[in-house]
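Enquirer: The chain contents come next:
There are 2 protein chains.
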Amino acid sequence: MSVLVVGSVALDSIETPFGGVQDVLGGSASYFSLAASLFTDVKIVAVVGDDFPEEYTYLNVFENFDPVIPEDYRDAEYVFLANINPELQLHVLKQVKKPKLVACDTMNYWIEKKPKELREVLKNVNLLIINDAEARELAQEPMIIKAARTILEIGPEILIVKRGEYGALMFSKEGIFWAPSYPLEAVVDPTGAGDTFAGGFLGAVANDDTYGSAGLKKAVIYGSVLASFTVEDFGVKRLTDLQHGEIEARFTAFLKLSRLD
Amino acid sequence: MSVLVVGSVALDSIETPFGGVQDVLGGSASYFSLAASLFTDVKIVAVVGDDFPEEYTYLNVFENFDPVIPEDYRDAEYVFLANINPELQLHVLKQVKKPKLVACDTMNYWIEKKPKELREVLKNVNLLIINDAEARELAQEPMIIKAARTILEIGPEILIVKRGEYGALMFSKEGIFWAPSYPLEAVVDPTGAGDTFAGGFLGAVANDDTYGSAGLKKAVIYGSVLASFTVEDFGVKRLTDLQHGEIEARFTAFLKLSRLD
Chain A
0 MSVLVVGSVA
10 LDSIETPFGG
20 VQDVLGGSAS
30 YFSLAASLFT
40 DVKIVAVVGD
50 DFPEEYTYLN
60 VFENFDPVIP
70 EDYRDAEYVF
80 LANINPELQL
90 HVLKQVKKPK
100 LVACDTMNYW
110 IEKKPKELRE
120 VLKNVNLLII
130 NDAEARELAQ
140 EPMIIKAART
150 ILEIGPEILI
160 VKRGEYGALM
170 FSKEGIFWAP
180 SYPLEAVVDP
190 TGAGDTFAGG
200 FLGAVANDDT
210 YGSAGLKKAV
220 IYGSVLASFT
230 VEDFGVKRLT
240 DLQHGEIEAR
250 FTAFLKLSRL
260 D
Chain B
0 MSVLVVGSVA
10 LDSIETPFGG
20 VQDVLGGSAS
30 YFSLAASLFT
40 DVKIVAVVGD
50 DFPEEYTYLN
60 VFENFDPVIP
70 EDYRDAEYVF
80 LANINPELQL
90 HVLKQVKKPK
100 LVACDTMNYW
110 IEKKPKELRE
120 VLKNVNLLII
130 NDAEARELAQ
140 EPMIIKAART
150 ILEIGPEILI
160 VKRGEYGALM
170 FSKEGIFWAP
180 SYPLEAVVDP
190 TGAGDTFAGG
200 FLGAVANDDT
210 YGSAGLKKAV
220 IYGSVLASFT
230 VEDFGVKRLT
240 DLQHGEIEAR
250 FTAFLKLSRL
260 D
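These protein sequences, in sequence, are chains A and B. For the first sequence, numbering that gives the first Met the number 0 begins at 0 and goes up steadily by one. For the second sequence, numbering that gives the first Met the number 0 begins at 0 and goes up steadily by one.
Just chain A, with the same shape it has in the complex:
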């Protein structure tokens, strides 16, 4: 089943304690689609940015972005609204037909600047994928369990909270799923880890074409697996040469991390 992602494609310049790269492929849609494409077909609708630092991209390139979803993209079964202006996310939601599952991302900027529009988005998606700090800010609640309950009351049936090296939590009415992160020796470049997670997750869900409890948990692990590869090198580099065998081996290693026997 195919996945549609709406986000950005940009040129990034990245510097970390391990070195740097200039003008490499970046943007939320790039990471997401490279990750998801390892599982299924991906359709991209993206604003193409320039070499502004990624953190400013949404302020610059999205100003005049009016995402028109091509006719034959509108019946995508799985949709990911990357971290863009909630008004644009709503605009996309009006164009897609009957997706089986819509997931979205957001960030502190939109939580603060467009709370009303973001709330409207949350009422119309099945799944929200955000990080720890964003979840606490969105719910205005420091305890993550209470924050999750508040967010699920707003709208989405499922909330995934990414916690970097501490793993990820998935909340739904089925309960809580606690996924480890992969114990890495070094994080060369954390850029794109979140969008890669989303891509791996939604790619796995679309590939299974079922989102029962067990399938979603498996997909959270696949998202974590893909993100763990992305941060091993700069930009999207690690994603572009990734082999299926590597993915499956790390998936197995993930399961082993929290198994008792």
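For the record, the hints were derived by calculation from the structure and aren't laboratory data. Because the structure is a prediction, the values reported are computed rather than measured. Heads up, some of the hints might be wrong.
It does not matter which identical chain is meant; a pair holds if it fits inside one copy or across any two.
Said to hold, decoys possible - Straight-line distance between alpha carbons at most 27 Å, and here's what the computed BS3-like set of lysine-lysine pairs gives: (1) Lys-236 / Lys-145; (2) Lys-145 / Lys-255; (3) Lys-97 / Lys-217; (4) Lys-145 / Lys-115; (5) Lys-255 / Lys-217; (6) Lys-172 / Lys-145.
Got chain A; can you put chain B on it based on the hints?
Expert: Same frame as chain A, but now just chain B:
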């Protein structure tokens, strides 16, 4: 099998955003032994402090502490050296006979003030239980995986890193075990969580009287279970009325958190 703990017993006054208590039972040996006693017999050797705030206790009451282990305590099979001066930990180590497993705790203060003595302790224990920040400081290495390897090279065969709401990691030559923490609505009082973890862990190990890989993993979960109860109320209060049924129910809930099916 019996467990010997060497640490402190004190009166604590605690204040948290949820309220406060005055002059309640505290000290590392209190939390440890209440937790461990839910699994096995516990022998305590402790300096008895007064109502100084716990964080200063080691500076005050331990100054003249010369732990003499009673003759019939010296053949304890399982020993826990709570967070005291490494010189005293070494002094205890010389008195115990042939324990099957010795675990110890320490803190930033000793890592900075007594690095040589602490290193000597680490060469003579099987297991170190410390928190995230302490592990990084002890190894002088920010990445926890590398820090763990450095610490295991110093001496202990097993390292447990406590990460509060993010769970716990156990490192050994068998690999890494990733334990979740229990998703609590509120942490009323975090005092004693670490010593409770150690008590639940070592109590479970002593009760099983085996420390194979599966047993140690189970014990990490029991340590986490006990710690999750302790922080639900002030001081040792929650530990004193804890029922075995509650412990087993939460143990099962822990396992469910990270299970795929």
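Enquirer: So, for every hint listed, does it hold in this structure?
Expert: Consistency of the hints with the structure:
1. Taking the closest pair of Cα atoms, Lys-236 and Lys-145 come within 27 Å of each other only across two copies (24 Å); inside a single copy the shortest separation is 38 Å, beyond that limit.
2. For the homomeric pair Lys-145 and Lys-255, the shortest alpha-carbon distance between copies (20 Å) is at most 27 Å, but the shortest distance inside one copy (29 Å) is not.
3. Taking the closest pair of Cα atoms, Lys-97 and Lys-217 come within 27 Å of each other only inside a single copy of the chain (24 Å); across copies the shortest separation is 46 Å, beyond that limit.
4. Taking identical chains as interchangeable, the C-alpha atoms of Lys-145 and Lys-115 lie at most 27 Å apart only when both belong to the same chain, with a minimum of 21 Å there against 45 Å between chains.
5. Taking the shortest Cα distances, Lys-255 and Lys-217 sit within 27 Å of each other both inside one copy (13 Å) and across copies (14 Å).
6. Proximity of Lys-172 and Lys-145 under a CA criterion of 27 Å is satisfied intra-copy only: 14 Å inside one chain copy versus 38 Å between copies.
Of the hints listed earlier, there is not a single one the structure fails to meet.
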